[in-house]
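Chemist: For the sequence shown, the positions run 0 to 799 when numbering that gives the first Met the number 0 is used.
Incorrect hints may appear among the rest.
[What the hints assert, rightly or not] In silico DSSO-like pairs for lysine-lysine, Cα to Cα no more than 27 angstroms straight-line:
{"#": "1", "residue 1": "433", "residue 2": "465"}
{"#": "2", "residue 1": "378", "residue 2": "409"}
{"#": "3", "residue 1": "722", "residue 2": "665"}
{"#": "4", "residue 1": "409", "residue 2": "456"}
{"#": "5", "residue 1": "378", "residue 2": "456"}
{"#": "6", "residue 1": "409", "residue 2": "433"}
{"#": "7", "residue 1": "722", "residue 2": "587"}
In short, the hints are calculated from the structure, not lab data. Since the structure is predicted, the reported quantities are computational estimates derived from the model, not experimental observations.
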Amino acid sequence: MNTQSPPPMDEHPDLEKEIVRARLELARARAETAMQDQRLFRLRRSLSWRLTVPVRKIRPAVLKQRDRLRNGQQAILHWGRQIGEQLTARLQHRTDTSPSALDAPLPHAATRRGYAGWLSRFDTPQAADMDIFHHLVETYRNYFAPICVIYQFNARTLRNAPAIADSLMAQYFTEWRAVFTFDSSCQHDEVAAICQAVTAPRLTTAAPYPPLKEGEALVLASGNVCLRPHALVVLSCAARRDIRLVYGDEDMRSRDGVRHTPFFKPDFSPELLRHVDYLTGGSMLAGDAALNQRVYASLLAGENLQQVLQQAVRGLRRAQTCHVPFILSHLLGKMPERHRIASDIVLPAGHEWPTISIIIPTRDRLDLLRACIDSIGAKTDYPADRIQIIIVDNGSTEKAVLEYLSAIQKDIRVVVIRDDGPFNFPRLNNLAAKYASHEILLFLNNDTEVERGDWLKQLASYAVQKDVAAVGCKLLYGDRTVQHAGCVIGMCGGAGHAGVGIASDAGGYFGLMNATREVSAVTGACLAIRAVLFAELGGFDTGFAVAFNDTLLCLAAQARGYRNLTIGIPLLLHHESRSRGYDDTPDKQALFRHEMARARNRYPDVFDNDPYYNPNLDLYQLYDLSFPPRRRKFWRDIPEISCARNILVLAPPRQHGETVGLFVEKQAYALQEQGFQVTVGCDDVQSNEKKAALRYVNLNTCQDAATYSVEHDIDCVISPVGKYYTISQLIGEACKIIFYDMGEDRLHYFSPLGHPFGHLDMPASCDGMADSLVNFVNIIKHNQPLPYHIQQPVTDPVSY
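Build the full structure now, drawing on both the sequences and the hints.
Modeler: Structure representation (structure tokens):
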């Protein structure tokens with residue numbers, strides 16, 4: 000079949016002119032949109048706006064006019080797109096300019112609808128947020144460092160420059176300038192055209208570039224990043240004293256304005272950064288003038304942005320960084336290539352392969368133990384004289400097992416210890432650790448089998464690093480699906496494994512399951528740690544006989560500033576719970592719930608907010624959207640800017656259709672008299688309550704209460720213990736939670752540790768209620784959200 004190639008562009012000069020004209024119209028429309036946003040922002044900053052707060056009835060009319068303007072601009076944009084598509088269709092040249100080619104593929108429609116609904120409820124700045132941003136810019140003007148935004152474009156992202164320029168002009172933050180740099184893949188004539196089109200006075204698109212001024216912070220972004228209007232002010236608020244790196248979350252935005260595919264990132268994870276780029280979406284470097292000068296010079300010299308950023312943040316501790324769990328930027332065009340292949344296994348300088356003691360608890364089940372030991376011997380590529388195997392026999396009775404253990408001890412590298420006490424995983428491993436004579440302890444389940452010959456080298460190369468504690472790895476079931484790829488703290492109230500059930504080579508959410516990265520904990524089924532550090536941490540906690548002992552060891556190390564790592568390569572098979580069985584009996588389940596409550600009490604902050612699992616992601620279906628998100632709008636807690644006054648009082652369950660208890664109503668009215676905005680939530684609002692001075696809402700479940708709290712910017716929830724006991728797991732850090740108990744039967748696995756708690760002795764008759772009851776007003780005043788303090792004023796602020 001003969002096919003004709005598309006006619007060359009120079010054969011249609013008129014059509015070329017039409018395309019150019021359409022593109023100019025699009026640029027003008029974008030500029031007009033940015034100007035209108037700036038006008039609105041200036042209006043909010045004006046004296047007249049502030050003076051007319053009491054008479055804000057004109058606000059709907061203003062918003063209506065704004066909507067008309069935006070609708071007109073959208074019509075212009077749509078007209079321009081139609082002309083461009085028609086012309087390019089006539090030229091048969093769609094591969095470079097059609098939206099389907101320029102944009103990343105959109106997710107399934109149902110996924111897009113779910114994300115759109117989530118955005119409308121939890122990611123749309125409210126009027127109160129806009130007012131706060133306005134006051135921040137005015138009140139803390141001299142506290143914020145001026146910002147130099149540096150963009151690095153390549154040939155693929157060059158077309159985004161006009162849209163990026165528009166997004167910068169629409170920023171609420173005013174003390175900024177921008178520099179556009181272009182790598183060697185950009186054609187000179189294309190760069191010249193961009194420089195001619197982007198002529199805003201604050202934008203520098205060609206040499207000579209102005210020097211970095213003293214005190215300027217840097218915001219670094221690749222050429223596909225479009226900052227949201229509040230991005231710079233939020234980054235500036237987060238850049239407090241001792242913070243060197245600030246970054247937020249991001250999503251994709253199509254040419255038609257459809258937002259999709261959000262990337263909700265972990266807190267600072269330097270090992271992950273070696274494998275996955277999560278910083279070039281608009282990260283701020285602040286507080287280190289010398290570093291910023293070096294970074295600025297490197298980027299102007301044409302060095303790669305990813306490499307410069309990775310080098311700049313090397314050596315930073317998590318305490319020196321701030322991850323803002325809000326979407327601050329949109330990525331335009333194709334999905335960026337985030338993944339990098341890290342270097343081969345490398346030991347720190349001056350190290351040789353360390354000696355390793357492999358500790359394996361067991362009881363009977365010769366089939367499991369033999370397969371484990373045989374795989375170690377047959378597949379391990381590691382110096383044999385640097386391996387010790389310690390088997391802890393927890394009361395085996397089968398003759399074949401006893402004979403096997405007796406025979407295997409003939410190998411001088413094998414030690415067998417017997418302990419006939421009841422099963423206690425921490426006690427068995429702690430006992431074996433006392434017999435270990437090597438540098439690295441590797442705790443290994445007897446139902447595991449080695450997959451890769453370099454498994455010990457992989458684990459040891461990380462475990463010997465001074466700032467690393469526990470090291471785990473990807474474990475597979477027998478069917479080659481993932482059993483463990485790190486732990487997520489807070490999952491289903493306790494802790495759970497990431498990546499369960501996906502294919503062994505599937506990357507999962509943004510490829511994280513294939514990336515070696517920091518996690519809060521790894522499973523004890525395969526856990527390597529330096530012997531000295533294990534002793535320093537006190538070993539496994541023997542008070543947790545079955546569950547959470549490995550989690551608590553990792554969290555204890557993390558609390559001391561160590562990193563826990565999971566290796567993204569499958570190193571072993573794990574036939575989970577074949578030796579002990581599952582927690583599928585009432586006694587085992589009761590023990591698990593009891594240990595879970597005690598573990599949460601030990602580290603309540605981490606169980607409410609795992610730093611390596613984003614609070615916008617669900618704790619029951621991992622890496623799905625969380626309804627609601629568990630993050631706090633920290634700008635609501637800045638002194639003299641915002642006063643956290645929105646209170647939700649949850650009433651106890653109704654009994655026999657009675658109205659909300661008088662004691663709750665009285666406390667709610669007392670809060671209202673103190674100036675708080677009070678809402679009472681209960682499971683069935685009565686008709687007389689709808690007419691009351693208080694605001695009542697139907698909140699039938701804990702999920703309803705949590706979603707309402709986040710969606711309506713509730714600052715503090717006052718909750719009874721019984722019905723809403725899991726609300727802290729659903730809300731996380733989104734708002735303050737205060738529990739109260741009226742004497743009802745408390746669930747034995749509930750604990751309010753980590754949250755303020757008041758005990759209300761409800762009298763037999765509501766009419767006899769005394770004023771001496773615990774007062775909600777006092778509890779609130781003593782447990783307000785901690786104020787969020789901005790950094791110290793900049794000594795010599797720079798103005799633009």
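Chemist: For every hint, state whether the structure bears it out.
Modeler: For each hint, the structure was consulted:
no., hint, in the structure
1, 433 to 465, "holds (22 angstroms)"
2, 378 to 409, "holds (20 angstroms)"
3, 722 to 665, "holds (21 angstroms)"
4, 409 to 456, "holds (26 angstroms)"
5, 378 to 456, "holds (12 angstroms)"
6, 409 to 433, "holds (21 angstroms)"
7, 722 to 587, "holds (25 angstroms)"
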